[in-house]
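As a plain string of letters, each chain reads:
Number of protein chains: 2
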Amino acid sequence: MKAAIVTVGDEILIGQITDTNSGFIAKALDKIGIGVYEMLSISDDRLHILSTLAFLQNRVDVVIITGGLGPTKDDITKTTLCEYFDDHLVRNGMVEAHVVDLFEKVIGREASQVNKDQALVPSKSTVLHNAVGTAPGMWMEKGNTVFVSLPGVPYEMKYLVENEVVPRLVTQFERPYIIHKTLLTYGQGESHIAERIEDWENNLPEFIKLAYLPHPGRVRLRLSARGVDEAMLRDRIALETEKLRGLIGDIIVGYDEGDTIEVVLGRLLAEKGKTIATAESCTGGRIAQLLTSVAGASAYFKGSAVTYSASSKVTVLGVPQELIDKYSVVSAEVAEAMATGAQKIFGTDFAIATTGNAGPSKGDADAEVGTVYIAFATPQGIYSEKYDLGQPREKVIERAANKGLEKIYQEILKN
Amino acid sequence: MKAAIVTVGDEILIGQITDTNSGFIAKALDKIGIGVYEMLSISDDRLHILSTLAFLQNRVDVVIITGGLGPTKDDITKTTLCEYFDDHLVRNGMVEAHVVDLFEKVIGREASQVNKDQALVPSKSTVLHNAVGTAPGMWMEKGNTVFVSLPGVPYEMKYLVENEVVPRLVTQFERPYIIHKTLLTYGQGESHIAERIEDWENNLPEFIKLAYLPHPGRVRLRLSARGVDEAMLRDRIALETEKLRGLIGDIIVGYDEGDTIEVVLGRLLAEKGKTIATAESCTGGRIAQLLTSVAGASAYFKGSAVTYSASSKVTVLGVPQELIDKYSVVSAEVAEAMATGAQKIFGTDFAIATTGNAGPSKGDADAEVGTVYIAFATPQGIYSEKYDLGQPREKVIERAANKGLEKIYQEILKN
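One line per chain: the protein sequences are A and B, in this order. Anchor point for the first sequence: position 280 equals 280 in full-length UniProt numbering, and the numbering is continuous, going up by one each time. Anchor point for the second sequence: position 281 equals 281 in full-length UniProt numbering, and the numbering is continuous, going up by one each time.
Incorrect hints may appear among the rest.
It does not matter which identical chain is meant; a pair holds if it fits inside one copy or across any two.
[Said to hold, decoys possible] Pairs of lysine-lysine residues, derived as DSSO-like cross-links and limited to a Cα-Cα distance of at most 30 Å, are as follows:
1. Lys407 / Lys78
2. Lys27 / Lys243
3. Lys386 / Lys407
4. Lys326 / Lys124
5. Lys362 / Lys105
Keep in mind the hints are simulated off the structure, nothing from the lab. The model shown is predicted, which means the values in this text are computed figures rather than measured ones.
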């Protein structure tokens, strides 16, 4: 069973926007055993859309189209679908009621006629309810091929893929079972991990595939088993996961696909009834933002002092001015005083503090670009480490935030 | 003149890797007036590659292919090119010498036979020298179409595009001029903007296209003019931009492609020599993180108190406990006291404060999910506004952060 993913929109073709939708959809399809034959990005051009649909109809079972569903003139996907299906637009009452409601309750003004026209859909289409936006998804069939049209706004597309498209595909098509297991590791690179698990990997059965999904500072390992006997696949995946735990248990922090270091850390803190705060200079609130991106964070995250200026490190966190004068703001001593200060003012068990130079040029202190001190305050005491996190700016911030969370996680485990 | 960009490799089709090469190439081509007709990602499959090349030959002037040039078995682009061009591989002495040299000097070991075989190229191809890697680029022509094959490693691809491909295309083809202008607007939706500029949009000349690029809380408008008379295009884009300023100047905050609200706000604060701080509850540090994502933010951003717990609002920001008891933590009164507190402890001209319920469930206070109070402290005084920002959690946080920055920007403009 094969699918094609089509992105409609000039902004991708001139390189202004990177298409991340196709990758998301490909992952979702891969999980349910549907292979992607081809991904295409084409322009908001009627003839181009028509010829692409015709081309793909003979080649795949499912065509998923994103983009071109907005209310403005350059959005022509819907009328072009009508042309391809020899159909016409009709007003869908449920969609219109939803649009009117969304405008009233969320946007706080009345929906205009243009907004209400989002409710115009091809008469032959099945509407896919878009709870998080105004443009509905549409499901149409021609010959043996399913065509699904989705809005290009990533979170609306994601909502529809997860809640409407995948469940319908699973019901409508027979596919092999695919069982995935994703493990989250922190602190070691892809090639290092590959060496540690080489023998195990070489002895994996044919029907299990291993993929390395690397990100800065962390690597996900995904095991995928494909076959007809679901129970056997589950048992074998569980067995291989156990073997992996034996080999690299020291760097595995999570066993679920949604696991990130902030999710795992939050779960651990909540379980232990412990609390955390941060004091951030060069990370500028990124660690706090990661921690609070998790629902329910208020149970264990108490707050953060983002002390970007030197004076606020003194006034807000109580870092002694003498320390700054003697060692400079980018130093182990100041990082540790910041962490202790955060622990104190927020009254928490643990605290992380960062001070460094994220670049692009040298700041107040003489520290090289990429130099970051991270301090870790625990009930047992305080320590800090110095890191050279390279460049550019956004990578330094990201690496420092991940490193801080990874290290404090190890500390919390001990408590 | 039209181009197509083809990416070869299974890792993109299963969503493991996001294709950023195509966007880079598209931008480079767009700059020299070559429009991209289509982008495709296809598998490492001989027949699929052959049919794609044949399909594109009739449609575009230039086909740029990346990927599948590595030394391993699954890299078949080169042999497939030979098949398409009815050609055979020959050993290129210059490339082999370069590979041997690169291994000796950079990698520090002798090149193996597999490495040396990177010097095998189709006999009809023009070799494009890859100074930063072992796989050469290849330039071939069939009919009126140029086919360029490049390695998929991003920095090698970039080197070849900039140093070999673009210079050759500029010499070989006559192209039109393309002038872009991107405007950043805040605070109004795509459809609302479309209504306000409808007459103007309807009267745009044929050679200028308008695109709406929406994100939560902001919309970019991109004007693209294409033609042979560069000076005329520039003049007309300037004229239309002026007209737009007249129509929607109140919501335009930036006139450059890299402009975001945090960049524009930072520029304004730096120009005026003013400073800012934030006090964040429900946004959890997101506003601070946005402000500090801009290089040089330390000139105007002093810090943030992320007071997630009620008690830290009292101890860190000096919010009176009575206010919290009387109005609850999610209230206009507490938001305003937080903003005043931030202004005071960080010693800044401006401050933004947020308190609300980002969801998914009701928190400490009785506030509905999505309810957020944002307070704005200025040298003239303090005020706050109540917003219903819907759901889910990450959207509430993102909308509140954008709304806070947008509003304070308007305040700073007045000062």
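Tested hints:
| no. | hint | verdict |
| --- | --- | --- |
| 1 | Lys407 / Lys78 | neither (50 Å within a copy, 36 Å between copies) |
| 2 | Lys27 / Lys243 | within (26 Å within a copy, 44 Å between copies) |
| 3 | Lys386 / Lys407 | within (13 Å within a copy, 39 Å between copies) |
| 4 | Lys326 / Lys124 | neither (75 Å within a copy, 56 Å between copies) |
| 5 | Lys362 / Lys105 | between (47 Å within a copy, 18 Å between copies) |
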